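With the sequences and hints as input, model every part of the structure.
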Amino acid sequence: MSERKRARELGINVGVLPPGPLNAITDVTGVLVGQQTVWQGEAVRTGVTAILPHGGNLFQEKVPAAIHVGNGFGKLAGALQVQELGELETAIALTNTLSVAAALNGLIQHTLSQPGNEQVFSVNAVVGETNDGFLNDIRGQHVTEADVQAALAAAAGGPVAEGSVGAGTGTSCFGFKGGIGTASRRLPAGLPTNTPGYTVGVLVQSNYGGLLTINGQPVGQQLGHIPFKDELNQAEAGSCM
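Mapping to the working numbering: the sequence shown position 111 is 263, numbers consecutive.
I should point out that these hints are in silico values taken from the structure, not numbers from a laboratory.
Fair warning: this is a prediction, and the values are worked out from it, not measured in the lab.
Fair warning: there could be bad hints in the mix.
Cβ pair distances, simulated, as ranges [as the list claims (entries may be wrong)]: (1) Leu375 - Ala308: 17 to 23 Å; (2) Gln373 - Gln261: 45 to 51 Å; (3) Val371 - Asn346: 51 to 57 Å; (4) Asn346 - Gly222: 18 to 24 Å; (5) Thr345 - Val371: 35 to 41 Å; (6) Gly222 - Leu375: 47 to 53 Å; (7) His206 - Gly167: 37 to 43 Å; (8) Gln261 - Pro348: 34 to 40 Å.
Just so you know, even glycine gets a beta-carbon here, dropped at the ideal spot from N, CA and C.
Here it is in structure tokens:
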């Protein structure tokens with residue numbers, strides 16, 4: 153995990169709502185995150201990030217869920233049942249495009265191995281992906297079921313490693329190095345009506361083009377030099393989970 157300061161530590165406060173104590177998805181009670189980085193030789197830069205809504209048996213204690221698709225080109229596995237039933241029964245795994253199958257098998261084996269699931273004959277594992285082939289030997293399919301199991305075993309609350317870690321190891325964004333990012337915001341009591349004040353958490357796997365803008369300011373504008381401006385102004389390729 154990088155020791156670089158986060159935006160708020162540098163005085164850059166995005167939005168009007170306050171963050172949770174960690175400014176991470178793990179500020180939501182019960183949520184755990186585990187990551188496994190696969191870094192081999194000069195060409196393998198990939199990994200797995202697992203998000204668990206709680207630390208129990210998710211198949212036996214399913215949680216409400218929904219899916220929103222902004223760009224239908226992704227290979228999101230397990231989406232249809234979540235859309236139909238509105239519930240999640242496994243962890244969510246993020247990885248690279250050609251390792252979705254390995255991540256699916258890893259989640260399925262994890263679910264089947266849990267006590268209480270001896271009579272389970274169908275598992276709707278959910279796996280998201282982005283294509284990290286620019287920095288990673290994606291055709292080699294270097295992520296294994298064991299890597300998925302390692303990410304699940306490492307799942308914990310507390311601070312979440314960001315940047316070039318887990319499923320973000322090989323991603324790029326805005327012409328710079330991309331990766332895993334996370335944040336949280338606390339809603340005031342009564343929003344929505346008659347609620348105690350929820351915490352909303354997010355985790356992203358960033359891998360797309362465009363021009364880096366922070367709090368409305370294009371990076372480099374005040375210096376009179378915007379990196380990669382000509383190449384990135386119209387960039388549309390990439391994805392974000």
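Status of each hint after checking the structure:
{"no.": "1", "hint": "Leu375 - Ala308: 17 to 23 Å", "verdict": "violated, 40 Å"}
{"no.": "2", "hint": "Gln373 - Gln261: 45 to 51 Å", "verdict": "holds, 50 Å"}
{"no.": "3", "hint": "Val371 - Asn346: 51 to 57 Å", "verdict": "violated, 42 Å"}
{"no.": "4", "hint": "Asn346 - Gly222: 18 to 24 Å", "verdict": "violated, 31 Å"}
{"no.": "5", "hint": "Thr345 - Val371: 35 to 41 Å", "verdict": "holds, 39 Å"}
{"no.": "6", "hint": "Gly222 - Leu375: 47 to 53 Å", "verdict": "violated, 32 Å"}
{"no.": "7", "hint": "His206 - Gly167: 37 to 43 Å", "verdict": "violated, 27 Å"}
{"no.": "8", "hint": "Gln261 - Pro348: 34 to 40 Å", "verdict": "holds, 38 Å"}
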